[in-house]
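Asks: Read off the chains here:
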Amino acid sequence: MKIGLEVHVQLPTKSKLFCSCPTGSENGPNGSICPVCLGFPGSKPSLNRKALEMGILIAKFMGCTITDRIWFSRKTYFYPDLPKNFQTTQYESPVGTDGVFVVGGKEIHINRVHIEEDPGRIKRVGKAGSELALVDYDRSGIPLVEIVTAPDMSSPAEAREFLTSLMTELRQLIGVSGQEQTMRVDANISVGVERVEIKNITGVKNVERGLKFEVIRQTKMLAAKKKIVRETRHFDEERGVTTPGREKEFEEDYGYIGEPDLGTYTITEMAAALKVPETPLTRAKRFEKEYGMQFSTAKQLVATSWDLADIFEELAAKIGAEKAASWCLGALSSRWKGLQEKMSDKLHETLLQIVTEAAEGRITDSDAKLRIEALSKGKEMASVDDLDIDVDGLIAQIADEHPEVVEDYRNNPKAANFIIGRVMKETKGKFSSQEIAEKAKKELENRL
Amino acid sequence: MSLERFIEAADKHEVFADRLKEIGLDGCKFHFSAKDNLCSTEFQARAGSRILEGYRPPFDATPIKKMREEGGLLIGKTNMDEFGFGTFSVNSAYGVPKNPFDPERSCGGSSGGAAAAACIIPDHVALGVSTGGSIACPASFCGVVGFTPTYGRVSRYGLIDYGNSLDKVGILSRTSKDVRKFLPVISGKDERDPTSCAQPQLDMSGKVAEVAVPSELTQNISAEVMTCFENALKKLEEMGIKVRRISMPSLKYATPAYYILATSEASTNLARYCGMRFGVMNEDFDKSFNEFFSKPRSEEFGDEAKRRVLLGTFSRMVGFRNKYYIKALQVRQLIIREYNKVFEECDAVVSPTMPFLPKRFDEIASMAPLEIYQADFLTVPPNLTGMPHLSVPCGYYDNLPVGLQAVAAQWNEGKLVQFAENWESNFEYKFPEVSL
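Protein chains in written order, with my numbering: chain A, 1 to 448; chain B, 1 to 436.
Check each hint, because a few of them may be wrong.
[What the hints assert, rightly or not] Taking lysine-lysine pairs in the DSS-like style, the calculated list, with each CA pair at most 25 Å apart, reads:
hint : chain 1 : residue 1 : chain 2 : residue 2
1    : B       : K287      : A       : K123
2    : A       : K50       : A       : K14
3    : A       : K50       : B       : K189
4    : A       : K123      : A       : K199
5    : A       : K75       : B       : K323
6    : A       : K275      : A       : K299
7    : A       : K75       : B       : K98
8    : A       : K2        : A       : K275
9    : B       : K98       : B       : K430
10   : B       : K207      : B       : K98
11   : B       : K306      : A       : K199
12   : A       : K425      : A       : K414
13   : A       : K299      : A       : K106
14   : B       : K287      : B       : K306
15   : A       : K123      : B       : K295
16   : A       : K106      : A       : K285
17   : A       : K414      : A       : K441
18   : A       : K439      : A       : K425
19   : B       : K189      : A       : K75
20   : A       : K414      : A       : K379
21   : B       : K181      : B       : K430
22   : A       : K318      : A       : K346
23   : A       : K50       : A       : K75
24   : A       : K127      : B       : K98
25   : B       : K21       : B       : K287
26   : B       : K306      : A       : K75
27   : A       : K323      : A       : K289
Everything labelled a hint here was simulated from the structure, so no lab data went into it.
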């Protein structure tokens with residue numbers, strides 16, 4: 001089985017690809033439109049450089065060969081959501097070609113990465129038969145990146161994993177804001193020889209569903225010795241099935257020509273100046289190599305938080321990777337939600353300090369955990385002497401109430417734990433257990 | 001407000017000149033007109049097409065805006081072949097402009113109305129547009145100066161596209177002094193047209209000392225035009241300008257390459273006129289969108305527009321694209337190289353502007369489309385290559401004007417203006433008395 005994907009993801013720019021209209025939809029339907037994105041006669045496009053940069057960054061990240069000189073093309077077809085009845089896209093000169101994306105240790109070849117404009121959006125209202133198509137052009141001219149893979153995936157699950165991983169990476173790389181369900185995908189699948197294209201599937205989950213359906217459909221047809229025809233199909237989200245395209249499909253002819261209004265761009269220098277930041281999966285890969293971590297563990301660590309992974313690396317340098325991992329994946333990770341909300345440079349430093357002290361045996365692990373717990377709840381862990389509560393008095397009081405403990409302590413030093421536990425409970429974790437332990441032991445020693 | 005006064009005057013008078021007589025400049029420094037494919041909020045922009053009837057653009061074309069800022073009064077829009085598709089201005093949905101020298105004859109096209117206005121109205125500046133010769137041709141037929149700058153010199157923002165890689169906004173006027181005055185006004189970078197941003201500073205100095213006459217552009221010319229042209233060459237020599245006879249073999253490919261590129265681009269530009277946002281919307285909402293779109297296109301486009309959409313669509317179809325569209329792009333580069341070689345030694349390439357005298361409408365009616373396309377073979381080369389060029393009246397035959405075309409290297413507009421001024425101090429232009 002061979003599966004290849006054409007993935008469309010919105011580039012998170014402030015303005016559209018060829019005009020200065022905002023990309024947000026806060027103004028309601030047809031609220032962010034202008035003569036350019038409506039294709040008014042006489043209007044001319046101007047390229048949003050930020051979108052181009054993002055496209056180049058993605059291509060670079062995937063290890064593509066960056067095209068030296070690029071231009072845009074007109075892809076002509078008539079459709080109500082397309083104001084000019086041609087889409088401005090890239091044809092002969094995609095930003096990048098021949099890249100690779102690794103999923104689950106397997107290399108998926110990337111044929112090309114290019115940028116293009118989105119058409120408008122059609123909304124059908126009313127009852128079937130008398131329905132009305134409303135067009136919202138807010139989406140017209142929104143910048144998209146299209147990533148085209150080779151047919152290197154061999155199961156719907158693998159396609160899903162590819163898309164999920166891709167989205168994870170793009171979020172970090174260019175700040176893609178959309179969720180996995182906003183991806184739009186054309187999926188090509190062949191179980192036998194002839195391939196079928198499922199067009200315009202929205203969301204990762206639906207891609208997998210659509211592909212699964214096609215696997216079953218095509219397998220059944222082959223088993224029944226029926227011929228699979230090369231065609232374009234649509235995925236019906238509600239019924240979970242693919243159906244043949246509504247219009248008779250043939251080898252489409254978009255009559256591509258260059259877009260003269262935009263001219264050509266030499267992007268070599270721009271590409272060289274752009275630094276590809278480390279992405280979650282490449283970072284996890286590095287952790288695996290550098291710190292001898294399991295890849296899945298590293299992935300989990302990076303996925304929890306980029307900051308936590310930073311803390312891990314700083315700790316690893318001080319106390320070794322093994323200890324750092326155990327603290328980061330344990331005590332820190334389990335309280336990360338609270339810590340992240342309050343994250344600051346100071347908190348970052350405090351956490352490093354606590355874990356380092358614990359690792360070096362200057363404070364106990366449980367003490368460190370208590371302090372982390374306190375920090376995650378927004379409480380600053382103070383030292384015992386700073387507080388008004390009379391810990392000594394409290395210890396004495398408990399010792400008075402439980403003479404059996406004092407007696408027990410004579411032969412069994414662990415008996416002090418009872419008092420320590422009680423004091424900690426009473427003081428609601430405001431004190432370091434080490435300090436309480438020292439005080440309790442002192443009190444008990446005195447009583448012997 | 002000048003607009004209301006013009007509308008009022010327009011109701012009474014059909015001709016700009018007449019309206020001007022009545023209301024004068026209305027406080028402005030000069031008056032100008034714009035070809036109907038240049039957008040202005042005050043007037044409809046129909047580009048000679050029925051499909052744009054009633055269309056009032058929400059913005060001004062940059063050249064119009066710049067002329068206004070200079071103190072210009074836009075007195076109206078000039079008639080043209082539909083979207084610029086024509087050589088005689090007979091392909092307009094709004095009537096046919098008549099040649100001021102002889103109303104039985106064509107103004108030339110596609111900026112026919114602009115050339116007529118420039119000829120009839122003294123001190124008038126007409127903004128025209130050239131894709132394949134649409135400024136030079138009517139300038140020649142109407143006996144005025146027609147100046148087409150280098151592609152990318154004047155912003156095309158607000159120009160309704162014909163062939164985006166070929167379209168240029170220029171000036172038609174009685175004399176070259178208006179070109180000297182107004183070319184700097186309309187030129188310059190405009191961030192709303194990225195292709196205007198590659199230009200170097202406009203240099204209005206320069207001099208033409210030597211011109212080249214390619215033999216390819218002196219063949220298939222009518223005897224009347226040839227006589228005038230040869231006389232003009234003699235005059236140039238008398239003026240101290242060297243005339244060199246050369247050959248530019250690649251020019252014979254210019255016309256087919258031009259028509260392939262221009263129609264390919266045009267066919268995509270016209271796709272938007274489908275009765276949904278532009279063009280007359282029909283009520284056939286129960287039809288499929290393809291049928292819905294086809295109806296206004298079938299009914300509202302003129303024959304020549306349809307012909308060019310078909311030609312252009314064909315040239316970029318899979319299986320033909322490499323043979324025609326891609327090949328034509330290569331031919332364009334070949335011709336640019338050949339021009340540049342000539343410009344290493346000569347300042348300008350000169351030829352007649354049109355191969356015949358202004359045609360009579362009855363003659364035009366019997367011309368085949370291909371014959372009409374071929375009539376552009378003199379004006380197409382500089383247009384295809386984006387070189388600046390102008391047409392000046394260089395002689396009169398039977399009281400009909402004959403134009404001489406001079407082409408300079410890219411960005412060398414100054415040389416051409418100097419050439420025209422030099423010519424005008426040695427040759428007197430004639431303008432017909434037109435009774436209004």
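Asks: Please go over all the hints and tell whether each is borne out by the structure.
Replies: Evaluated hints:
no., hint, result
1, B:K287 x A:K123, "17 Å, holds"
2, A:K50 x A:K14, "9 Å, holds"
3, A:K50 x B:K189, "21 Å, holds"
4, A:K123 x A:K199, "18 Å, holds"
5, A:K75 x B:K323, "19 Å, holds"
6, A:K275 x A:K299, "23 Å, holds"
7, A:K75 x B:K98, "40 Å, violated"
8, A:K2 x A:K275, "34 Å, violated"
9, B:K98 x B:K430, "17 Å, holds"
10, B:K207 x B:K98, "35 Å, violated"
11, B:K306 x A:K199, "32 Å, violated"
12, A:K425 x A:K414, "18 Å, holds"
13, A:K299 x A:K106, "16 Å, holds"
14, B:K287 x B:K306, "22 Å, holds"
15, A:K123 x B:K295, "24 Å, holds"
16, A:K106 x A:K285, "13 Å, holds"
17, A:K414 x A:K441, "10 Å, holds"
18, A:K439 x A:K425, "15 Å, holds"
19, B:K189 x A:K75, "28 Å, violated"
20, A:K414 x A:K379, "29 Å, violated"
21, B:K181 x B:K430, "22 Å, holds"
22, A:K318 x A:K346, "18 Å, holds"
23, A:K50 x A:K75, "23 Å, holds"
24, A:K127 x B:K98, "56 Å, violated"
25, B:K21 x B:K287, "52 Å, violated"
26, B:K306 x A:K75, "20 Å, holds"
27, A:K323 x A:K289, "17 Å, holds"
Of the numbered hints listed earlier, those contradicted by the structure are 7, 8, 10, 11, 19, 20, 24 and 25.
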